[in-house]
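Residue-level listing of the chains:
There are 4 protein chains.
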Amino acid sequence: MPIPSPNLYPPFNIVRLSHVEFIVSDLAASRAFYADTLGLQVTHEDNDEIYMRAMEERGHHCIILKQGDEPRADHLGFKLYGERDLELAENHFSSRGLPVTWVERPFQSRTLRTCDPHGIPLEFYVQMDRLPPIHQKYALYKGVKPLRIDHFNTFSPNVDESVAFFNEIGFRVTEYTEDEESGKLWAAWTHRKGGVHDIAFTNGRGPRLHHTAFWVPTPLNIIDLLDLMSTTGYLSNIERGPGRHGISNAFFLYIRDPDGHRIEIYCSDYQTVDPDLEPIKWDLKDPQRQTLWGAPAPRSWFEEGSLFTGVEPVASTLAAQPIIAP
Amino acid sequence: MPIPSPNLYPPFNIVRLSHVEFIVSDLAASRAFYADTLGLQVTHEDNDEIYMRAMEERGHHCIILKQGDEPRADHLGFKLYGERDLELAENHFSSRGLPVTWVERPFQSRTLRTCDPHGIPLEFYVQMDRLPPIHQKYALYKGVKPLRIDHFNTFSPNVDESVAFFNEIGFRVTEYTEDEESGKLWAAWTHRKGGVHDIAFTNGRGPRLHHTAFWVPTPLNIIDLLDLMSTTGYLSNIERGPGRHGISNAFFLYIRDPDGHRIEIYCSDYQTVDPDLEPIKWDLKDPQRQTLWGAPAPRSWFEEGSLFTGVEPVASTLAAQPIIAP
Amino acid sequence: MPIPSPNLYPPFNIVRLSHVEFIVSDLAASRAFYADTLGLQVTHEDNDEIYMRAMEERGHHCIILKQGDEPRADHLGFKLYGERDLELAENHFSSRGLPVTWVERPFQSRTLRTCDPHGIPLEFYVQMDRLPPIHQKYALYKGVKPLRIDHFNTFSPNVDESVAFFNEIGFRVTEYTEDEESGKLWAAWTHRKGGVHDIAFTNGRGPRLHHTAFWVPTPLNIIDLLDLMSTTGYLSNIERGPGRHGISNAFFLYIRDPDGHRIEIYCSDYQTVDPDLEPIKWDLKDPQRQTLWGAPAPRSWFEEGSLFTGVEPVASTLAAQPIIAP
Amino acid sequence: MPIPSPNLYPPFNIVRLSHVEFIVSDLAASRAFYADTLGLQVTHEDNDEIYMRAMEERGHHCIILKQGDEPRADHLGFKLYGERDLELAENHFSSRGLPVTWVERPFQSRTLRTCDPHGIPLEFYVQMDRLPPIHQKYALYKGVKPLRIDHFNTFSPNVDESVAFFNEIGFRVTEYTEDEESGKLWAAWTHRKGGVHDIAFTNGRGPRLHHTAFWVPTPLNIIDLLDLMSTTGYLSNIERGPGRHGISNAFFLYIRDPDGHRIEIYCSDYQTVDPDLEPIKWDLKDPQRQTLWGAPAPRSWFEEGSLFTGVEPVASTLAAQPIIAP
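Chains as they are written, first to last, in UniProt numbering: chain F, 1 to 326; chain D, 1 to 326; chain U, 1 to 326; chain W, 1 to 326.
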């Protein structure tokens, strides 16, 4: 199957991924991880929840932590371009038979909640409280010096369906892996904001959230984080890396928060704003697509992910992902 | 005067700046500078001209060098989103009384040539020959490891007029300096592709091209270039830097090519895709807007620029820029 | 057993490790690896051998490659302080019953050849041909930008004996691992020149050469080398890393040359010139001593090493090294 | 005049420079500068004085700040190799007619105080309190991440005399500038510990302390410090840089503490342990000796320095240093 064409004139205009909400089992432990260790800036907190932003973001939050019983990803948030896009989005999702509801979210204008065909909870809004710039308040930088949220990566039980759904609303595939035998997509990276991805899909029991990524200035910040985590009690939270991805060409590190939610620290992918940018195809058997330098990922990285609130994942229609024994 | 509102729904869709064409007096000397020293990749060359691209670009060229008698910037190139944008652009510029002509350019689809109100030659096209990716052919990286063209910066005799013109076609101001006394804009940075700028304007005798910038991975690549240039006969081509700009927050270096065309090596500005991103205002008297660390720029940097082919610059309507004696 | 005291007033003065000679099976393939890929500078070559130095070295060579039938490490070279140290060295080794011979080596003054108690061939000289500085000829830098040879690491069948021998001639232990049960040394790092080591010893079938290390400016140079090797046919030559050692605190990468000789690329250990610097003791069961960030080394790294010319290794007196399954 | 020969077998053994004591006019302000901004670690403090060390040092202090009325450099400290070197040092300085006294210094074994021929107060000791390693306590790293004290640089009224004095006690010249007309030394860099210098001398009214330098991991740490200082009220404390020295090849930044004592942040010079390392000669007229990349130093950098306690500087015997107008 050829890679589906992106919809160059989509029914409404999504600017970028915006934020994620995690249910966490110990808010204080999560705060120590995200604020004190990673270096995200707290913009609001009370007994039940914490909102944070990264250093170059002026929107109020890119991550919301809520105290709960069971760790979950509650929803993935996206920013729309203008007020009219909200109505157009509502119409679009309704016409596809998806549930749409208007929800109230603190620090955001009215918010549309829906889900993708496999059940991933998606929320769309136009305006979020705007905060003063802090990207030149260098005394605040710490940890890995996170600059901005970069992307989501999800397990999908049917990547062809996921890509078709997101293509239709304007996400363009930048790189992908195809299962040669079935001709089906194994994994795909799709973007709105001009990087390699705002959201990616990998074949597997899903929907589940594989990871949420933050952009940092240089690979040396990632090395700094490794040194910090490995000497402050977070050694076992380091899961994979550092390394260079073949796909995206980014320098990466994967870590796990205290509940196991996976975070990628990421830098140096490439600009993708050209609408005629050709997607790059990778062979499922090429180990360099995962790590350009050849080191395999651990089994946990292939198998584990966060459940979405109230969504039961289902098995993939394709065979289990071939794990290269490390 | 308040900063003009960007046109959120512009009459046609410009994706990004694309390329610049320089007239150079010694093609071999320019090749040594751009290809051998900076590390741009030659994609076509003959006796009269050289086309080059940077490492993550798949379009055929971001810079064209043509042998000529007098050094000039011939035109600034921009990529449009879709075929229909070409007609819309033609209509728009015609309706503003600007000259529009269709020109043939090698390696590009049909190209619309016009100019801005002060005479800067602008060219718009939709498709350029696409080349295979080379961003993972690491044996090709050399010099400063240029990844992509990033922006143009121009002298404008009337920055308010320049910004009004570019605002109308969808460029949004990200940062600016106002002349407190007159209430007029002194300088402004405007973008399409999601960085701090695709094109900027500074008060001065114009139009002239102040510089063309290339994006590189990290500040260490800029340090490498300084070491290389200062020990291979290019010491006097180093004009200003390295340093951190207050405006844009980028790490920078300014160098001059053998004809004096100014090139900025640039990295680490910030993402600006939010349509409601508030422009940052700087005080004209604040030296940190130019260099966050306080070091002044040399006089040449304030005064010199490339003439555009066939365009006679005129004096600015504002007083001469206050040069901080270094 | 307590860590043996270094001899603060040794019988002769060794300045530093100096060079290694490798027998290689395909001189052209080795040249492509060491000169074209790593970036060492060829200082002499003919049909049978190649001499190379690193960028900040003014001695003629830090590595000698000789064409041969079977890959071997021929000897480890050390520089003595003054002419009188040659005689003192001869006396010392003779008095210990070790074989001493005077050999002629190109580009070196007269050279004393002996061996350590397990048979490692050692060569000592005072003067080597001096070459003009090239550390500011930045056009010559390439590959990983190797600055200097840093250290040797060897398998020893009896680390206590190795350390006693090298302690006596002035090498000081900076870090070590003890086998808690037997009270014997498992591994030790010993230095002369003020870094963590000039030569280190690890328990194992020996003597064999585990690796030879080169110092580079920053971790980013190591990342550059990984990108280069993994896209120019050297993917399978990458063995371990990048990572941070617990022991030495250095940032490292291990690669294998075309014959399997192991090279470490190394930077950022610490200064050890104080004669009262306390050795740091590591627990053999602490995986962070090998990789601060926790990733295990592959089996090959524990088991494989270069044979020395004409020396048959013997089994260690301690149990096999516990390999942490990766 | 030829560069004086180093004394390869000096009368006593100096290991390295060790520490500096500054008299400061506002202890709290100095603490904010050195501890909170630069990131040195406080090892002892009371109302009158603060002792600090850098991250990889295990000796108790590399810098002592004492509250006083007038800013001064009180003395330069050096570590000797063994107990017998103390007596040998006393004999040597006495035989040269220099004043020697035994002083008690907290956290140090008995200490010999003397001065060089121009009056620079020098203190020598063998043992200092040893502290546990903190180089792998990455949570403590902040500011510029200073790793160790690297060198002193002084104004000398007669550089030939300074070099002769320090040559005799084993310091070797690594680089120097000669005044072509007079044949006299203009400046010289001399070392003990294997880097480009432990102490350097520049022609000028002296003796005065030009600067004290700290070693940091990479140029990026220096960029981080510039960002931090320029946005936390220390903009005017940035004096010169960042840049690459021609002499030493180091990447540098010069800053001034609240009393004007000059600190250099320094990295990436080269190893100099070979006793036959040829000194590199620079032409006084070559601006690249100061900054490889060509940018001139400000006038203050040429003219200002710290007075030593109780020592009145005298004019140099050579003409004033030619300042290259920036």
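Keep in mind that the hints were calculated from the coordinates and are not lab data.
Note that this is a predicted model, so its numbers are computed, not measured.
Among these hints, one or two may not hold up.
Identical copies look the same in the list; a pair holds intra-copy or inter-copy alike.
Claimed, not checked - Cut-off 16 Å, straight-line C-alpha distance, at most; resulting in silico cross-link-like pairs (EDC-like, lysine to aspartate or glutamate):
id : residue 1 : residue 2
1  : K137      : E83
2  : K137      : D227
3  : K184      : D26
4  : K193      : D276
5  : K285      : D259
6  : K142      : E87
7  : K142      : D36
8  : K142      : D227
9  : K285      : E45
10 : K137      : D46
11 : K142      : E70
12 : K285      : D129
13 : K281      : E181
Evaluated hints:
1. K137 with E83: Classified as neither; 32 Å inside a copy, 44 Å across copies.
2. K137 with D227: between (24 Å within a copy, 9 Å between copies)
3. K184 with D26: Classified as neither; 40 Å inside a copy, 45 Å across copies.
4. K193 with D276: both (15 Å within a copy, 15 Å between copies)
5. K285 with D259: neither (32 Å within a copy, 27 Å between copies)
6. K142 with E87: Result: close neither inside a copy nor across copies, 40 Å intra and 49 Å inter.
7. K142 with D36: Cα proximity of K142 and D36: in one copy and across copies (8 Å, 14 Å).
8. K142 with D227: For K142 and D227, the Cα distance is within 16 Å both inside one copy (13 Å) and across copies (13 Å).
9. K285 with E45: Intra 46 Å, inter 38 Å, cutoff 16 Å: neither.
10. K137 with D46: The answer is neither: 25 Å in one copy and 31 Å across copies each exceed 16 Å.
11. K142 with E70: neither (29 Å within a copy, 36 Å between copies)
12. K285 with D129: neither (46 Å within a copy, 31 Å between copies)
13. K281 with E181: Result: close within a single copy only, 15 Å intra versus 54 Å inter.
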